[in-house]
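Sequence lines, in order, name chains A and B. Heads up: the first sequence is residues 1 to 133, going by the working numbering. Heads up: the second sequence is residues 1 to 148, going by the working numbering.
Since the hints were made in silico from the structure, they are not lab data. Don't be surprised by glycine CBs; every beta carbon is placed ideally from N, CA and C. You may find that some hints are simply not true.
What follows is a set of in silico ranges between Cβ atoms, one per label pair, in the way DEER data are often shown [what the hints assert, rightly or not]:
1) A:V93 x B:P39: 14 to 22 Å
2) B:G35 x A:Q110: 29 to 37 Å
3) A:L43 x B:D46: 50 to 58 Å
Here are some chain A residues the structure puts well away from chain B; computed CB gaps all over 10 Å [said to hold, decoys possible]:
4) D29
5) T31
6) V32
7) S33
8) P38
9) I41
10) A45
11) L50
12) K51
13) R61
14) S62
15) W67
16) S69
17) S71
18) D99
Simulated coverage check for chain B against chain A, where a stretch passes if three residues somewhere in it have a Cβ under 8 Å from a Cβ of chain A [claimed, not checked]:
19) 6 to 13
20) 23 to 31
21) 107 to 120
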Amino acid sequence: MATDRLSMIFAALADPTRRAILARLAEGDATVSELAEPFAISLPAISRHLKVLEGAGLITRSRSAQWRSSSLNPAPLREVQGWMEHYRRYWDVNLDRLDAHLRRIQAARQDNDPQRNAPTAAQPPETEKRNPS
Amino acid sequence: MSELVINRVFDAPRDLVYRAFTDPDQLAQWFGPVGFHVPRESVDLDVRTGGHERFTMVKDDDPSFTSPVNATYREVIENELIVGYEDVEGMPGFEGIVRFESRIEFHDEGDGKTRLVIIQSPHNEDILDDASAGWESSFTKLDALLAA
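Pulled out of the complex, with its shape left as it was, chain A reads as follows (with noise of 0.2 Å):
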């Protein structure tokens, strides 16, 4: 069982009520039973879900042990948003090298195509080209 604090948002994050859950908390803050409402499962299992979501640290529950209520806390998904922005620059670079990439093979490929080239053919291949506008 993962500990560290980006595994524990993960997990708890990997379960479709516990989404629906955070989902309905971000419209205001809950009771147990009001949580368990649109679900087919018992008030314990919400409960169980509350701990893990809790455990991440996504919401925070009142400790008034009567109307005990659940708020959320958004804080934890914006780390692993953060986490995700790290991959996502990652690809967004290595896709511009990829596009370049793809121009350079394409161009030479066409310089490769003796009937395309033809009536350039005389010019050095690695002549750039200017372009007049």
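Dock chain B against the given chain A, drawing on the hints supplied.
Relative to the frame of chain A, chain B by itself:
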């Protein structure tokens, strides 16, 4: 939102884009974040379902800084789809993540253009233990929540 989805159109036909990922000579020419390169001799690709993808990203200004990739192809359909996963447990930057899966889809957009869709998702132990955990299901509500 725990899935990373990247969508990009390239002005190149599909087989060409596919080859950029599957031809070792080509992969070595472009892959890697800025400041890193992939030495050709480090690239070892066995592009088929169950095959492996191995290469090393090396920092340009400090060759002792390397980042090896050792992934397994889970599904390969020529010119259409590459699904690979890497077990990353214990690797820096992947704290808490056991498996990292990348799905790369190549879509023909017509006019010699290709839409590349990359979906990356981390998997931790709990998810591997419970295949029905619903990682694939929609995170739309959480997306809306984060956007708010």
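Here is how each hint holds up against the structure:
1. A:V93 x B:P39: 14 to 22 Å: Because 19 Å falls inside the window, the suggested range holds.
2. B:G35 x A:Q110: 29 to 37 Å: holds, 31 Å
3. A:L43 x B:D46: 50 to 58 Å: holds, 52 Å
4. D29: With a cut-off of 10 Å, D29 of chain A remains clear of chain B, as the shortest Cβ separation is near 15 Å.
5. T31: holds, 20 Å
6. V32: Non-interface label stands for V32 of chain A: nearest chain B Cβ at 20 Å, farther than 10 Å.
7. S33: holds, 21 Å
8. P38: holds, 13 Å
9. I41: holds, 14 Å
10. A45: holds, 15 Å
11. L50: It holds; L50 of chain A is separated from chain B by about 17 Å at its closest Cβ, greater than 10 Å.
12. K51: holds, 14 Å
13. R61: holds, 19 Å
14. S62: holds, 21 Å
15. W67: The claim stands: W67 of chain A keeps its Cβ more than 10 Å from every Cβ of chain B (closest is about 24 Å).
16. S69: Check passes; 18 Å lies beyond 10 Å.
17. S71: holds, 13 Å
18. D99: Given that some Cβ of chain B is not farther than 10 Å from that of D99 of chain A, nearest at about 6 Å, it is violated.
19. 6 to 13: Since 5 is at least three, the answer is holds.
20. 23 to 31: With 4 residues close enough to chain A, the hint holds.
21. 107 to 120: Three-residue rule met by the stretch 107 to 120 of chain B, so holds; n is 3.
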